[in-house]
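Student: Position chain G with the ligand against the provided structure of chain R, taking the given hints into account.
As given, the protein sequences belong to chains R and G, one line each in that order. Position 132 of the first sequence, counted from 1, bears residue number 132 in this note's numbering, the numbering being contiguous throughout. Start counting at 1 in the second sequence, then tack on 371, and there's your number in this note's numbering.
Since the hints were made in silico from the structure, they are not lab data. It cannot be assumed that every hint is accurate.
Claimed, not checked - Restricting the straight-line Cα-Cα distance to at most 25 Å, the calculated cross-link-like pairs of lysine to any residue (SDA-like) are:
id	chain 1	residue 1	chain 2	residue 2
1	G	384	G	407
2	R	2	G	435
3	R	2	G	443
4	R	2	G	385
Stated by the list, open to error - Residues from chain R that face chain G, not an exhaustive set, calculated with beta carbons under 10 Å:
id	residue
5	11
6	13
7	23
8	158
9	253
10	262
11	267
12	269
13	270
14	272
We treat Cβ as the ideally placed atom computed from N, Cα and C, and that holds for glycine.
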Amino acid sequence: MKYIEGFREPRAARALVEKLRLLGQSSLKDGNGVTFMEVCGSHTMAIARYAIREALPEGVALVSGPGCPVCVTPAGYLDAAIELARQGVIMISFGDMLHVPGSRSSLARARAAGGDIRVVYSALDALQIAAAEPQRECVFLAIGFETTTAPVAGLVPLADERKIGNLSLLTSFKTIPPAMDALIADPELRIDGFMCPAHVSAIIGADAYLPYARQHGIPCVVAGFEPLDILLGIEGLLRQIIEGRAEVENQYSRVVTAGGNRRAQVLFQRLLEPEDALWRGLGVIPASGLRLKKAYSSRDAAVRFGVTIGPGVEHAACCCGDVIKGKLNPAACPLFAKVCTPDDPVGPCMVSAEGSCAAAYKFRDIRQHAY
Amino acid sequence: MCLAVPMQIIEVKTVSTATVELGGSRLEVDVSLIENPRPGDFVIVHAGFAIERLDVEEANARLELFSDLAAAGAVRT
Ligand code: SF4
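For reference, chain R alone in the conformation it holds in the complex (with noise of 0.2 Å):
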């Protein structure tokens, strides 16, 4: 499919990579290197694929952020939703959150023991299971970043016009946003520019990054996942800082616009309200949830079945908290590879498709020769 291959050409991606050897010499001579962060958990697994990292010209560095939202979700959310598998709830969940460690168990576990989770791919399919099985509560596992979360709350007024009564969500929605406000904040953090997520764009719109830009001066560039998407924005990063302009540039106009997706927007406005939310490894981030307004409490499961979800605990050698903030090279984890594996995760960012420890795992053999 062209719109796949056509931005993985290796030729063009070898001419970009030249590209950025160039604008690289021009302009990072005087010895000070630049940081960029890709926000976004796909574009850290599309650059370890590609060995994107291995390609980039000397003192340009690009560490990962906290954009991968099965690793951002705190151990006591899974608590919460092990507890209701136990009670004999039907659990729905996307694959990635089943190997997630709690603070004692996970949900592979809690299925092992006799609880009934399903993984789907389409949250669709939630519809169809509560359909199924009217005379028993169905609960999704409602985590995501907006991307996730415009498919996951339109299951509301799905279930209201399908008359589907025994479906809810247990909610940790977050928005990226706030979590660029918090990053930003962090003395110990130096960021240069920030490589912004491809899909969470489309919903929010490329000016949900003008801030960034214009009050802190960090440039942006809106980039897709396909290597060459990735290439591009970092060149059109590297160019803002040598001419030192501080912008948000759009490098995804084939999917993103100015103002994002309106019929999203207008259904988390009807849906959902913000609250404060807690991250792994960043803590509680104000208004960077989002959760179900009190006029939908009857599909909120935490309501409905009352359970808190706490904080948890996390398993104290994991050191993913400063993986997800971009301070760790995965491999600097003295669990990584010996202990924790994707077989047998210590943490969440070794479980994720998307986690920094599964991306850097996975691809940890790949050396420069892709260009």
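Tutor: Only chain G with the ligand this time, still in chain R's reference frame:
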């Protein structure tokens, strides 16, 4: 989990559902987040929902730039 791919609408079935296709496999998706979806449109599908339309003109312009880049690179090496 946010990795979404472009798929082409084959048939719009109701106000909110459509059949989409990628590489021969077909899928039923929700299109209620898309303004006026039409057969032939490319949409980004994530978790069973079309979350945004792919602007074919923008995509083609980019692809042209890439083939220029590739050609220029080929001449030099
Ligand atoms: S390698 Fe494992 S233990 Fe170390 S930070 Fe990553 S997920 Fe945590």
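Student: Next step is simple, just say for each hint if it's right about the structure.
Tutor: Consistency of the hints with the structure:
For the proposed pair residue 384 of chain G and residue 407 of chain G, the alpha carbon gap of about 13 Å is at most 25 Å, so the pair holds. In summary, the hint linking residue 2 of chain R to residue 435 of chain G is supported, as the alpha carbons are separated by about 12 Å, within the 25 Å threshold. Note on residue 2 of chain R and residue 443 of chain G: the hinted pairing holds, with a Cα-Cα distance of about 20 Å set against a maximum of 25 Å. The straight-line distance between the Cα atoms of residue 2 of chain R and residue 385 of chain G is roughly 28 Å, outside the 25 Å bound, and the hint therefore fails.
Checking residue 11 of chain R against chain G by beta carbon gives a least distance of about 4 Å; that is within 10 Å, so the hint holds. Interface restraint check for residue 13 of chain R: the shortest CB-CB distance to chain G comes to about 9 Å, inside 10 Å, so the restraint holds. This hint is violated: residue 23 of chain R has a C-beta 14 Å from the nearest C-beta of chain G, more than the 10 Å allowed. Interface hint status for residue 158 of chain R: upheld, as the beta-carbon distance to the closest one in chain G is roughly 8 Å, under 10 Å.
The beta carbon of residue 253 of chain R comes within 5 Å of a beta carbon in chain G, closer than 10 Å, and the hint placing it at the interface holds. At its closest, the beta carbon of residue 262 of chain R sits 8 Å from a beta carbon of chain G; the interface hint therefore holds under the 10 Å criterion. Restraint check, residue 267 of chain R versus chain G: the minimum CB separation of about 7 Å is within 10 Å; hint holds. Violation of the interface hint for residue 269 of chain R is found here, the shortest Cβ-Cβ separation to chain G being roughly 14 Å, above the 10 Å cut-off.
About 13 Å separates the beta-carbon of residue 270 of chain R from the nearest beta-carbon of chain G, more than 10 Å, and the hint is not met. Annotation: interface hint on residue 272 of chain R violated; nearest CB of chain G at approximately 15 Å, more than 10 Å.
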